[in-house]
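Enquirer: This is what each chain is made of:
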Amino acid sequence: MNAGKLARLSVSILVFTGVWWTSSGTFFEEAIVPSPVSVAGKLGEMIWNTELFAHLGASLRRIVLGYALGCVIGIVVGVATGAIRLARDLIEPPLEFCRNIPPVALIPLVVSIFGIGEIGKYFIISYASGIAVLFNTAAGVASTPQIRVRAALCLGAHKRDIFVRVVLPSAWPHVLTGLRLALGFSFMGVVAAEMLAADQGIGFLIMQSTNIIAPAEMFVGFLMLGSFGLITDQLFRMTIHRLMRRYMIPMA
Amino acid sequence: MSWRVLRLEGVGKDFTRADGGVAEVLRDVTLTVERGSFFTLLGPSGCGKSTLLNIVAGFEGATTGGASLDDKPVAGPGTDRTVIFQDVSNALFPWMNARENVEFGPKMARLGAGERKERADTYLRLVGLDADAGKFPFELSGGMKQRIQIARALANDPDILLMDEPFAALDAITKKHLQVEFRKIWSETGKTIFYITHDIFEALLLSTHLAVMTAGPKAGIKEVFQLDLAEPRSPSNPDFAAMYSRVETLIDEEVQRMRAR
Ligand SMILES: Nc1ncnc2c1ncn2[C@@H]1O[C@H](COP(=O)(O)OP(=O)(O)OP(=O)(O)O)[C@@H](O)[C@H]1O
Ligand SMILES: [Mg+2]
Numbered sequence: 001m002n003a004g005k006l007a008r009l010s011v012s013i014l015v016f017t018g019v020w021w022t023s024s025g026t027f028f029e030e031a032i033v034p035s036p037v038s039v040a041g042k043l044g045e046m047i048w049n050t051e052l053f054a055h056l057g058a059s060l061r062r063i064v065l066g067y068a069l070g071c072v073i074g075i076v077v078g079v080a081t082g083a084i085r086l087a088r089d090l091i092e093p094p095l096e097f098c099r100n101i102p103p104v105a106l107i108p109l110v111v112s113i114f115g116i117g118e119i120g121k122y123f124i125i126s127y128a129s130g131i132a133v134l135f136n137t138a139a140g141v142a143s144t145p146q147i148r149v150r151a152a153l154c155l156g157a158h159k160r161d162i163f164v165r166v167v168l169p170s171a172w173p174h175v176l177t178g179l180r181l182a183l184g185f186s187f188m189g190v191v192a193a194e195m196l197a198a199d200q201g202i203g204f205l206i207m208q209s210t211n212i213i214a215p216a217e218m219f220v221g222f223l224m225l226g227s228f229g230l231i232t233d234q235l236f237r238m239t240i241h242r243l244m245r246r247y248m249i250p251m252a
Numbered sequence: 001m002s003w004r005v006l007r008l009e010g011v012g013k014d015f016t017r018a019d020g021g022v023a024e025v026l027r028d029v030t031l032t033v034e035r036g037s038f039f040t041l042l043g044p045s046g047c048g049k050s051t052l053l054n055i056v057a058g059f060e061g062a063t064t065g066g067a068s069l070d071d072k073p074v075a076g077p078g079t080d081r082t083v084i085f086q087d088v089s090n091a092l093f094p095w096m097n098a099r100e101n102v103e104f105g106p107k108m109a110r111l112g113a114g115e116r117k118e119r120a121d122t123y124l125r126l127v128g129l130d131a132d133a134g135k136f137p138f139e140l141s142g143g144m145k146q147r148i149q150i151a152r153a154l155a156n157d158p159d160i161l162l163m164d165e166p167f168a169a170l171d172a173i174t175k176k177h178l179q180v181e182f183r184k185i186w187s188e189t190g191k192t193i194f195y196i197t198h199d200i201f202e203a204l205l206l207s208t209h210l211a212v213m214t215a216g217p218k219a220g221i222k223e224v225f226q227l228d229l230a231e232p233r234s235p236s237n238p239d240f241a242a243m244y245s246r247v248e249t250l251i252d253e254e255v256q257r258m259r260a261r
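Residue numbers (my numbering), protein chains in the order written: chain D, 1 to 252; chain E, 1 to 261.
So that you can see chain E by itself, here it is in the shape it has in the complex (with noise of 0.2 Å):
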């Protein structure tokens, strides 16, 4: 597959609320990730991120305009598109050990037994669990989980991996490191990441462009940057603190104007 951007145009999303009511969640929303990039959605929480990760991942269609692959339009859920999910444990196949849930994907690609381990060994090593390979979900801590998630995405040969919140749940620690291994997997592997956090400073630790979003209802695209931060990125830089600083009076701007409503 050779396509060069994933382009959002228009994207809208109402949802049916549970009362009958028109949930309108998405309004316009118009984004160009080329690949290769690291993008990252940041946004007031309920905003609509997730939604808008649905859609590109093909679990849900929008309700004007849509996600496409240069020209070809996103139509369901496929194998170059590979979500990473923050919930893990049930994410992962509790009854399938490490090194199983690795060679998911490839099984689902009918590729023979061989091939099969060579990627799993290749890609648990990647997330430096080869030693752990017959455990099972929960004989793993949270962080080895989502690594073991992510060796499980790339098992597959994804083009875009996407991201929602995988870190979120993990603890400070556990978080760093993975953050930091996270871009070096990216950094080697050249995939194509749509990203979402909460967090601004992890945002700016990763991330080659990074898209803020308005308030919902309605919520829109505020603004995107690219980042061409010093490296290494460290929040003692000055462009990196001023980065943070400018990002982080948008989302108060939202968040102020959420209350406001």
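Bound conformation, chain D alone (with noise of 0.2 Å):
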């Protein structure tokens, strides 16, 4: 990052705190919005008392147990879809039909069927996870550029070496759109369950906050799902530019 940049940012981050700091007890009852000093207070007392682990724990077991099973599910099923002419007339009107159901409007559904317990809530991680996985990885999969694999085809692939060395490294820029995307919908996904139905997890802290009036409790909700948001978007990209950076050069 260079002088400027740095600079910039500290001032987007100073205005936007400013505006938090000086809106808290003016134009929002501190009660509502409480102040930045109150939210890092609040922030070092959960700390110290290692209560914020435990819901942090809560959260990003969910989540990861929730991703990893959306993406394999996803790419399995979205590779099929995208390779498979019969798999695609069978399982794309569904899931089109599917993919306007928000995660959301699932958790009444999922919570009679599996309680408010762990299952339910990886369900609807897996769920808002797999179908941007499935639907990025059958795009990929279906957008392999005919030439490519005629160019391959006269070289003397095989139908087995085609769908390895050809489709599936096609279709990997897509794939990884879809596995970035999937991400942030985890996030969104399992705030959800845990607002509706948990004992434990970041959701549930900022529910439980404004039933027992400690709106400090809810900022720091806020504060951990962004700043988590962030750092595993950041290195989730890091990871795929070491690991897969001649994968996503057809995308640059």
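Since the hints were derived computationally from the structure, they do not count as laboratory data.
Hints are not guaranteed to be accurate.
Claimed, not checked - Distance condition first, Cα-Cα at most 25 Å in a straight line; then the derived DMTMM-like pairs of lysine to aspartate or glutamate:
1. D/K159 <-> E/D87
2. E/K117 <-> E/D157
3. E/K176 <-> E/E231
4. D/K159 <-> E/D159
5. E/K117 <-> E/E139
6. E/K135 <-> E/D87
7. E/K184 <-> E/D159
8. E/K191 <-> E/E34
9. E/K72 <-> E/D157
10. E/K191 <-> E/D71
11. D/K159 <-> E/D239
12. E/K184 <-> E/D87
13. E/K191 <-> E/E165
14. E/K135 <-> D/D89
15. E/K176 <-> E/D87
16. E/K184 <-> E/E253
17. E/K176 <-> E/E115
18. D/K159 <-> E/D80
19. D/K159 <-> E/E100
20. E/K117 <-> D/E29
21. E/K175 <-> E/D130
22. E/K107 <-> D/D161
23. E/K135 <-> E/D159
24. E/K184 <-> E/D199
25. D/K159 <-> E/E60
26. E/K222 <-> E/E248
27. E/K218 <-> E/D239
Claimed, not checked - Some, not all, of what chain D presents toward chain E, calculated at C-beta under 7 Å:
28. P93
29. P94
30. F97
31. I147
32. A151
33. G156
34. P169
35. R246
On a predicted model such as this, the values are computed, not experimentally measured, just so you know.
Glycine included, every Cβ here is placed at the ideal spot set by N, Cα and C.
Fit the two chains together into the complex; they arrive one by one in their own frames, and the hints show the way.
Expert: Right, here's the structure in full:
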């Protein structure tokens, strides 16, 4: 990061915090929008008594497992949908229908089926992330340029080689886009699920804070979501950059 | 493989259009391409040159007739015929560097690493890109990418190169260089070339044989020439100039005919 960019970033953060600070207790009541100082105090307290880690741990575990499951299913089904006509014709219509149902809308049903245990949360997150991965993967697999496949055929590639060495690598940039989108959706999914039915997790923390009138806790929740979302996205991008650079070139 | 001629016999091709109608593209195309020749196809835009090349490549089946090497009919794509595409960015594998692209064919032939490397070295050197072996396609200019595509094809040792306007997207200077170099590569490797172009000048510069097609629909072969032009070929040679205007007249006739419809 160069000096100019760093300066602009600092200004942006300062202005944001400043607006928050001045509006708290003036424009908004302190009991609704607490000041950055009281939120920071609350954050320290929750770190000190380790309450924060319990919530964070619960949410992150749900995200990791649900996201991993969603990605695996999304890639496998997405590849099938993109590559096999029969699979596409059978699977796509119901999925096109489902993608219009946001994960949040499914929560009441999921709670009725699975109760408020962990399985329902994994389901919501897998659903949220799986759909994104699936559609992007299918689009990637289906969009391999025809002449690239033809070139490989001329060079002696068999069906299997074509799939593994041409179609899948051509699809990677799309798959990665899906994986990254899905990561964002997992965060949304976990919060929604925890707000409605949980006794732990960041979503629960936010929801509960209104019941026990602890606005600073709610803002600690926001802080965690914002920063962990940012960190995971950055980690994701760095990993991709290191491991998958050559496949991202076509998108560059 | 010891075939002597590539034959197109009575090739006709219809496509079913998106609206359900039938596009009658080719009718009764008969051509003989001798091994080792540089055979160029010229014709008005849309007459069916690429379609014909795709039939020879085995990407598309003919509706009637077909292509054969001696008496062996073309039934699908094969390593004896390699296509060089104009759209080189999509034809190359963007996630492979130049060397890996060139090694793709040998790899498919399950050759060992040593031999693959040797072949890649040979053909990268032949196209003058041995110093750029580690670069990825996006790091190479259009002309360099086209050289890689040629090297990749040659590394697989095909009998015939099928080239669909390979230099048409390049700037004039790069194009001129590649034409001269490619003619040298052709005479050194002795490959048979089946070449499509819009460019009469290019056709006369490179080819041993030249076929002019009629305008579509139901396009066919209008006339075939054997080009025994004085070497080195140059537009200032009288035979070159005479041939140029003769071919130009033929194509103009076809374009007029197409317009009149
Ligand atoms: N898959 C297809 N379905 C329907 N029509 C097609 C198909 N492929 C080609 N055609 C039609 O066949 C005709 C010949 O196409 P082709 O691409 O072979 O022409 P061409 O001579 O190579 O043209 P150009 O010089 O512009 O490259 C065109 O009218 C085209 O619209
Ligand atoms: Mg064409």
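Enquirer: Hints first: check each against the structure and report whether it holds.
Expert: Now the hints, each set against the structure:
Annotation: proposed proximity of D/K159 to E/D87 holds, straight-line Cα distance about 23 Å (limit 25 Å). Straight-line distance between C-alpha atoms of E/K117 and E/D157 comes to about 15 Å, which keeps the hinted pair within the 25 Å bound. For the given pair, E/K176 sits about 17 Å from E/E231 by alpha-carbon distance, which is consistent with the 25 Å threshold. A C-alpha spacing of about 23 Å is found between D/K159 and E/D159, which places the hinted pair at or below 25 Å, so the restraint holds.
Restraint check for E/K117 and E/E139: satisfied, since their Cα atoms lie roughly 21 Å apart, inside the 25 Å limit. Restraint check for E/K135 and E/D87: the C-alpha separation of about 19 Å stays at or below 25 Å, so the hint holds. For the hint pairing E/K184 with E/D159, the CA-to-CA distance comes to about 17 Å; that is within 25 Å, so the pair holds. Taken as a hint, the E/K191 and E/E34 pair is honoured in the structure, with Cα atoms around 11 Å apart against an allowance of 25 Å.
Between E/K72 and E/D157, the direct Cα distance comes to roughly 19 Å. Compliance with the 25 Å bound is thereby established for this hinted pair. Distance check on the hinted pair: E/K191 and E/D71 sit about 20 Å apart at the alpha-carbon level, within 25 Å; holds. With a C-alpha separation of about 49 Å, the suggested pairing of D/K159 with E/D239 is violated against the 25 Å cut-off. A C-alpha spacing of about 23 Å is found between E/K184 and E/D87, which places the hinted pair at or below 25 Å, so the restraint holds.
For the proposed pair E/K191 and E/E165, the alpha carbon gap of about 17 Å is at most 25 Å, so the pair holds. A hinted pair counts as satisfied when its Cα atoms are at most 25 Å apart, and E/K135 with D/D89 does not qualify at roughly 41 Å. For the hint linking E/K176 to E/D87, the alpha-carbon distance of about 18 Å falls within 25 Å, and the restraint holds. A hinted pair counts as satisfied when its Cα atoms are at most 25 Å apart, and E/K184 with E/E253 does not qualify at roughly 33 Å.
For the given pair, E/K176 sits about 33 Å from E/E115 by alpha-carbon distance, which is inconsistent with the 25 Å threshold. Taking the CA atoms of D/K159 and E/D80, the gap is about 18 Å. The hint holds against a cut of 25 Å. Pair hint D/K159 plus E/E100 holds up; C-alpha atoms about 20 Å apart against a cutoff of 25 Å. Between the alpha carbons of E/K117 and D/E29 the distance comes to roughly 73 Å, so the proposed pair goes past 25 Å and is violated.
Pair hint E/K175 plus E/D130 holds up; C-alpha atoms about 20 Å apart against a cutoff of 25 Å. Pair hint E/K107 plus D/D161 holds up; C-alpha atoms about 10 Å apart against a cutoff of 25 Å. Of the supplied pair hints, the one linking E/K135 and E/D159 is violated, its CA atoms being roughly 28 Å apart against a limit of 25 Å. Pair hint E/K184 plus E/D199 holds up; C-alpha atoms about 19 Å apart against a cutoff of 25 Å.
For a cut-off of 25 Å, the pair hint linking D/K159 to E/E60 stands: about 17 Å separates their Cα positions. With a CA separation close to 13 Å, the supplied pair E/K222 and E/E248 stays within the 25 Å bound. Between E/K218 and E/D239 the CA atoms are separated by roughly 32 Å; this puts the pair beyond 25 Å, and the hint is violated. Checking D/P93 against chain E: minimum C-beta separation of about 22 Å lies over 7 Å; hint violated.
Because the smallest distance between the Cβ of D/P94 and any Cβ of chain E comes to about 27 Å, over 7 Å, the interface hint for this residue is violated. Because the closest C-beta pair between D/F97 and chain E is about 27 Å apart, greater than 7 Å, the hint is violated. Checking D/I147 against chain E: minimum C-beta separation of about 5 Å stays under 7 Å; hint holds. The beta carbon of D/A151 is positioned within 7 Å of a beta carbon in chain E (closest approach about 5 Å), and the interface hint is therefore held.
Taken as an interface hint, D/G156 checks out: its beta carbon lies about 4 Å from the nearest beta carbon of chain E, inside 7 Å. Because the closest C-beta pair between D/P169 and chain E is about 5 Å apart, less than 7 Å, the hint holds. Using the Cβ-Cβ criterion of 7 Å, the hint placing D/R246 at the interface with chain E is satisfied: the shortest such distance is roughly 4 Å.
The structure fails to meet hints 11, 14, 16, 17, 20, 23, 27, 28, 29 and 30 from the earlier list, while all remaining hints are met.
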